[in-house]
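Same order as they appear, the protein sequences are chains A and B. FYI, the working numbering numbers position 141 of the first sequence as 141, with every residue one higher than the one before it. Add 1000 to the 1-based position in the second sequence for the working numbering, that's all there is to it.
Quick caveat, the hints were computed from the structure, so don't treat them as lab data.
Distance ranges between label pairs, derived from CB positions:
(1) A:173 / B:1278: 19 to 29 Å
(2) B:1123 / A:308: 26 to 36 Å
(3) A:7 / B:1060: 34 to 44 Å
Computed, partial: chain A to chain B, Cβ under 7 Å:
(4) 9
(5) 89
(6) 111
(7) 354
By construction, the Cβ of each residue, glycine as well, lies at the ideal position given by its N, Cα and C atoms.
One-letter residues, chain by chain:
There are 2 protein chains.
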Amino acid sequence: MAWTIDDLDTPCVTIDLDAVERNLTRAQDYCRRNGLALRPHVKTHKIPELARRQVELGAVGITCQKIREAEVMADAGIDDILITYNIVGRHKLGRLMALARRATIALVFDSREAAEGVSAAAAETGLVIGAMVECDTGAGRCGVQSPMGAAELAAALSGLPGLKFQGLMTYAPKGTTAPTSAWLAEAVAACARKGLRVEIVSTGGTPDLYRAREVTAATEHRPGTYIYSDRYMVAHGVGTLDDCAIRIVTTVVSRPTEGRAILDAGSKTLSSDPMGLEGYGYLLEYPKATLPAMSEEHGHLDVSACNARPTIGERVTIIPNHACAVSNLHDVVYGVRGNRVERAFAVAARGKVQ
Amino acid sequence: MAWTIDDLDTPCVTIDLDAVERNLTRAQDYCRRNGLALRPHVKTHKIPELARRQVELGAVGITCQKIREAEVMADAGIDDILITYNIVGRHKLGRLMALARRATIALVFDSREAAEGVSAAAAETGLVIGAMVECDTGAGRCGVQSPMGAAELAAALSGLPGLKFQGLMTYAPKGTTAPTSAWLAEAVAACARKGLRVEIVSTGGTPDLYRAREVTAATEHRPGTYIYSDRYMVAHGVGTLDDCAIRIVTTVVSRPTEGRAILDAGSKTLSSDPMGLEGYGYLLEYPKATLPAMSEEHGHLDVSACNARPTIGERVTIIPNHACAVSNLHDVVYGVRGNRVERAFAVAARGKVQ
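This is chain A alone, in the form it adopts within the complex:
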């Protein structure tokens, strides 16, 4: 007997595997045509099988944010992992070295302090860890603040035992490919003046995935969300609703007023990441409905603009604002093709914040 979405209890998360395949293939093709290595960030799916599929299709390796995510991926046989995080503190160094024994690991640094900690542990263990300089090209998060600062830290990394300086890494805001390109070119030149070879220049993000080649120095791109897409991407002109592989199936549990419908999916299901959008999701069956508020287990749907309105017990489908945050909330998601449920995936790397 075929297992269909209607057989699933709600709320639940479905992933359309045909859409996933299309999204992965398109990105891989773009990178291949443009001479860029693709190193997907697995934060969007957190599922080892999907990471393996990304590598099968041509990714050079994967990106993780935390050591424990990388451990889950190494357990699944992924053997080339960039951890785009400043690893700091004695608690993490033992695990990091154990991980580096079984996979090729590179890290990013924006300070000499962080690099020295990892260097000492690696040198003591006889391991070599790839080291990149994290550059703040405008996102205002981590990263050295200038191309000259990048070259200075690159020189420091090159001089530390147990580290192998590989290049530069940034996560740039959407629409900043031109200034990012200038910033990174200047940093590469500054490194060259110090006699340092910049082997890798790694950029990130799905919003500018298909403009990655505009950053002339880039050799590698690290998109995450492209595998599932989400309402944020569609709102910013990156793909269409059909590209959104991730959906939340919910049930209307209450119709307290003419204009209000309450769904069984709230912030525990959809996340309350604001993402600068109006409302917390897009309703496939009722495009004029809005989701202006949630509590933990309830979605507060405003259906006053809809002609036909949902009834108690009806199932409705949401495209979430932020795919990555949804993945992090769920132990299991369902791989589907159209209405057919093909398999359940354990979201093995969810909740790995260390």
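Chain B: place on chain A using the hints.
Just chain B now, with coordinates in the frame of chain A:
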């Protein structure tokens, strides 16, 4: 050798067990003195051992929002559970009946449709499920819209096989005890005019926990957050920072500029529930620091107002805005007394959205 908070990797969640005990005892005493039954909502902690402690101290039972949360609690021996949710749909009825075979279960309803579904399943199984009318006394979520509507649904519940009408339930916004009291008194009177005995009137929420007796008809209160408290409660005058048993221990991983420090805890650790507060948490060691932004794994700390400023590798402690959302993100939290770590708790009911 003693195990201290300094031995824990970051980010991690600690729960001060002395503060928990004080918070639980104070609420239990208040309810006892005021003739109210206490039925804690376990959504805040999601930990069976803490639910058992609440019952040991005198709670009449617990409150859950979803069937799968209730299953976890029943597994741990909790035998009296109110599920404050409109249970709708065939997928849930089998599990609900299995649960009702091993624990006393009551539900809330705000529609005849939802009640009829449960009634049919209960009658067929030969079980009796407690049934309360959910009342919208101002929160604008679920619930019948008027005292008369409450009495009408109460009459319907009373006539349905497999259900035992027990009373009225509401979750009222903070500071609305007077109108809520009037609403519920009118609903009780309307029920009485129909010959219906209202055995239980259940109110909820920590913000008005210590004003629960102001709702004159109330027989029971269902606070959740009181066990841990959080920054939201303190901001709204409910207890002090010392009452906050839940804390996030984090490490400064980057100091990209004079005024910016980056923590290893972001929205995956703290949740991005807005809660109407400025910033995403309170920093114990740097009260003048603010946390205006986060990404999934980074907290973006503004330390420009601080005289002393944190350095890379330093550990800092956050009181989160919303305790319940934090619990839902973590598989494990640590029970501590002061700096000593006493045990790890599995957050067994986290992620149970169905």
